[in-house]
Amino acid sequence: MIRILTLTLLLFNFFLEAQVLCRGKITDFETGEPLIGALISIRERSLGVTTDAEGRYLLKLEAGNYTLQVQYLGYASINVPMQIKKNTLQNFALVPVLNELDEVLIQDQNPARQLKSTEMSVAKLDIKQINKIPALLGEVDIVRALQLLPGISTMGEGASGLNVRGGNSDQNLILLDDAPVYNSSHLFGFFSIFNPDAVKDVKLYKGGIPAAYGGRASSLIDVRMKESSAKRPTVNGGIGTVFSRISIEMPLIKDKAGILIALRRSYLDALVKPFVPEQNPLKNTTFYFYDLTAKAHWMINPKNTITLSSYIGRDVFGASIFSFDWGNKTLSLRWNHVFNSKWVWRTTAFYSDYNYLLQFGRNSDDQSFKWNSLITNYSLKSEVSYLKNDSSILRMGVQSMFYDFLPYDAIGNFGSNTVSYLADSKYGFEHAAFISKEHAFSGHFKTECGLRVTLFQYIGKGTAYTFRDTLPNTTRPLDSETRYAVGEIIKQYIIPEPRLSLNYIRNDRQSLKFSYNRMSQFVQLINNTASSSPLDIYTLASRNLKPLISDQVALGYFHNFRDQTLETSLEVYYKYFQNQVDYIDNADLFINPTIENQLILGLGRAYGIEYYIKKNRGDWQGWVSYTLSRTERLMRGISNDNWFLSRYDRTHMLNVNSSYDFNKRLSASATFVFYSGVPATFPNAKIEIQNYIIPYNTDNLRNNYRITPYHRLDLGLTYHFKKNEYRRYKQHIVISAYNAYNRRNAFSIFFQAKESNPQQTEAIRFSVVGSIVPAITYNFSF
Amino acid sequence: MKQLISFLLLGVLLACEDPVQVKLDKGATLLVVDAFINNTATTQRIRLSFSSPFFSDQKNTPVLNAQVLIRNEKTGAVVPFIMQTQGEYTYTPDATQPFGDLNALYSLEITHNSNLYKAQAVLRRSAGIDSVNFEVIPPSFSQPTLTTKRYACRLWAKDSTGLLNDYYWIKTRRNDTLFQDVSDINLSIDGTNGEVPLAFGPPNAFTPPSVFLAFKTYYPKDRCHVEIHSISKDCYLFLLQARNQISNGGLFAQTPENVRTNIITPKTTNLKAVGWFNMAAVTTSSIQIP
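Top line first, the protein sequences correspond to chains C and D. In terms of numbering that gives the first Met the number 0, the first sequence opens at residue 0 and continues consecutively. In terms of numbering that gives the first Met the number 0, the second sequence opens at residue 0 and continues consecutively.
Source of the hints: derived by calculation from the structure; they are not laboratory data. Watch out, some of these pointers could steer you wrong.
Claimed, not checked - The calculated label-pair distances, taken between Cβ atoms and stated as ranges, are:
#	chain 1	residue 1	chain 2	residue 2	range
1	C	H430	D	K117	30 to 40 angstroms
2	C	I493	D	V281	57 to 67 angstroms
3	D	K232	C	L307	53 to 63 angstroms
4	C	G486	D	T74	57 to 67 angstroms
5	D	N64	C	T462	50 to 60 angstroms
6	D	P219	C	I238	52 to 62 angstroms
7	D	L101	C	N690	21 to 31 angstroms
8	C	N690	D	T74	50 to 60 angstroms
9	C	D478	D	V135	48 to 58 angstroms
10	C	L716	D	K271	51 to 61 angstroms
11	C	T465	D	K232	14 to 24 angstroms
Here the structure is a predicted model, which means the values were calculated and not measured. Built from N, CA and C at the ideal position, the CB exists for glycine as well.
Start from the sequences and build out the full structure, keeping to the hints where you can.
So, in structure tokens, the structure goes:
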């Protein structure tokens, strides 16, 4: 019945007559960069659309006289009376109003639109919002800002990555202008690789992930780079405690092409050096990172736009006896083609690589060791959008991705003896086709149905291993090996992934949403330590390592109060994982060709309630988020074959973030977080063997305790210097205190024998940030 | 490597470690068997104890009145171990060297409260040691101004040929004192063919498959004594696991796990046994620093 109704409605829409199209692009007046998610509404009718990732919009109307209203956060809204008789092209440029507080709309997107879209479990942060949060060492960071949103946690300072609704950190698809990033952190997780000067916005999907995306089980983090200014050269920069940054934007062809280049370099090692004693072998440690983010765009004509984005970053860490460096490189080329007012075609080609090099001694030395590992990824994605009318959008496309993983290539030189360990490279193809349709049935009901079908092929040249079954939680003995030639398929998987979002819009203020999505993941990070290190490697799904599959349902109630200035949401979710990876006891993950028999595949489940309230206008702004959740695993041979808490489980998570503008120039901000301690396995007995005291857990339970709760207060103060009206030079200073009340939050608690008396054992709290961290940063732009 | 990163973070950044109070359950009691036997003509010891609550400041309670014996399964010869001190069962071999039967299977049998606990081990070959030598540690290394000369020792050993993988535990003494730090659990697979280098770098950075010897600093008149004990592959994994569990902190700590055991607990009892039984062939060498 519903199908017939849909069809009827579709046909009805199709034959509507006398409709004209109004389309165009919304840009920043000063810089000329496109504004994503700007709202264009027709005042005479309750009709509105938002701009896409290129700042474009499309309205379908009956011919007539209208008033178009254009709104975007941080920009002055405009109202334009227009006579629309035929198909019209109308671009708008909005003027930023950062310092004119009364008019500023600091909100991630129009709250009413948020309420009406089918999107749920989505967090979008605008860079201007992120800039307001007091930051560690005074440096604004996108990933750290995302941690303040509901359902998102981390293992603590120094842990790279995010855990979204109970997922591992490798279950997030992190895209930087469409190219996946494998290690999103610098300095072992203290900072993310995303330079805030080069980022336009970031959107995190915890659920209801669009069919156009796949390949990771828990979330999509879509980071969009800023497009360069098209009007005049601009320089932005900052001098901070940890690093300095500079970015340059300049036009190449007036109003048509431009480039943005942003650079960062840290100098923590140089700052620390004077405090390291002369005798300390760490005296000459180098420890820094740099990154370069660049984006160029060229609008060939109104129908064709090309953008090229790239990121190159590296962390370098070394002393006299060793060196260790790692980094990502991405390159993505996108071509946007507008066929006509209804059909838009977008094609993206990208390349991404992650590699590291570890070296002890130099090649010329008596003894040396050199080890490197490399991940390379190539992909081509093509998709079309068909805007049938205001209430129906069809998107479909295909994507092919090629993986080339080199797990390790090591050479050890021990005196006269040279030992070489070279793993087979692993190759795989991930092909996907997707289709989705967004449709509004009436003013009250909206759906988005999608399907993504993924074909994964693990291909040769390579070796497939067959292992014999044995006791759970022990190494399965190798039974046989089969060699495969170049291009031969070793194993393939086809996984259909349905996606569904429903929205019942009660009125302008209330809506109820539901979503279901299935996600599959073919590359997994192999790591059994508390925090992932740059040395951890990804591995491809194979005969033994089956792809990770997650199914998630979520239900949310959204309510905006006080003329849309207060947004609230309440979401419940349940997520189920198949083929979740865990590790056998004593797993040997280091230079091991048969790493697959060190893994256990089991089940996982995560469920919780997330509450979010946000005030998005006025001198005083901020949000509170609270999450009550549980994350569990079930693995054969672990914890007596019972469900046990995952190490990402946090029962309570509370985030409070607020900012207050005293006047146009001075503002203050504060963040408070409280998280339940993460589960941990503690011993309850000690055994003595060969005079060594070994901890032992006689109940054989995994994660049977929790470490102490984590809480922290951060404070920040921003002062904008008086602007010279005749000059473009702007400057502001940020003073911040991270961990303001000087708490030693435990990252982990471990147990050992006391040094003074080895018979006596003790518990040790390991804190990554053990004190208050004050910082000052000077920022400028001209 | 991960420990090294943690260490550097500790030094360079803001990290800190401090003791805290944690309340732990009192776990069940276990029978702990510590039976590392070797083929030298010295007194062989098997220690039996009960596990104690983790924070107990007492030594583990000794197990009294157990009957302990080792049987050579090839010859059928039985060697009884007699309790000498609290929980320590010993046997002093005579010239006949009862534990010198290479590749023979030995069984350990412990009878406690009429329950028979068993374990088995094969006596494997050890590596041949050529010599130990010493060299002066250059003053510039870490302590540039030092008046006394300091020495590092270097072990020259050769792994036995053949396709069989050999597993070793290399123990070192300065004078009569055995190095007993966690980092002194020096394990090796097949050693390296020829010289086993001394390490100024991180100890055991790449075990397996090659090993650096974490020799300590020696001073004039010191004696350096090295022993290579052959161990089974399972024993190697047990020691590796024990080493990880004894000190498992920092940013890259692994999920704690219980160490494995090769002691079989009979179905007739609830008293579970843990621990290890290994038969080792030992080769030794030493050098006196002038």
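Do the hints match the structure? See the list:
no.	hint	in the structure
1	H430/C to K117/D: 30 to 40 angstroms	56 angstroms, violated
2	I493/C to V281/D: 57 to 67 angstroms	58 angstroms, holds
3	K232/D to L307/C: 53 to 63 angstroms	54 angstroms, holds
4	G486/C to T74/D: 57 to 67 angstroms	59 angstroms, holds
5	N64/D to T462/C: 50 to 60 angstroms	55 angstroms, holds
6	P219/D to I238/C: 52 to 62 angstroms	54 angstroms, holds
7	L101/D to N690/C: 21 to 31 angstroms	27 angstroms, holds
8	N690/C to T74/D: 50 to 60 angstroms	32 angstroms, violated
9	D478/C to V135/D: 48 to 58 angstroms	53 angstroms, holds
10	L716/C to K271/D: 51 to 61 angstroms	60 angstroms, holds
11	T465/C to K232/D: 14 to 24 angstroms	21 angstroms, holds
Going down the numbered hints, you'll see the structure goes against 1 and 8, while the others check out.
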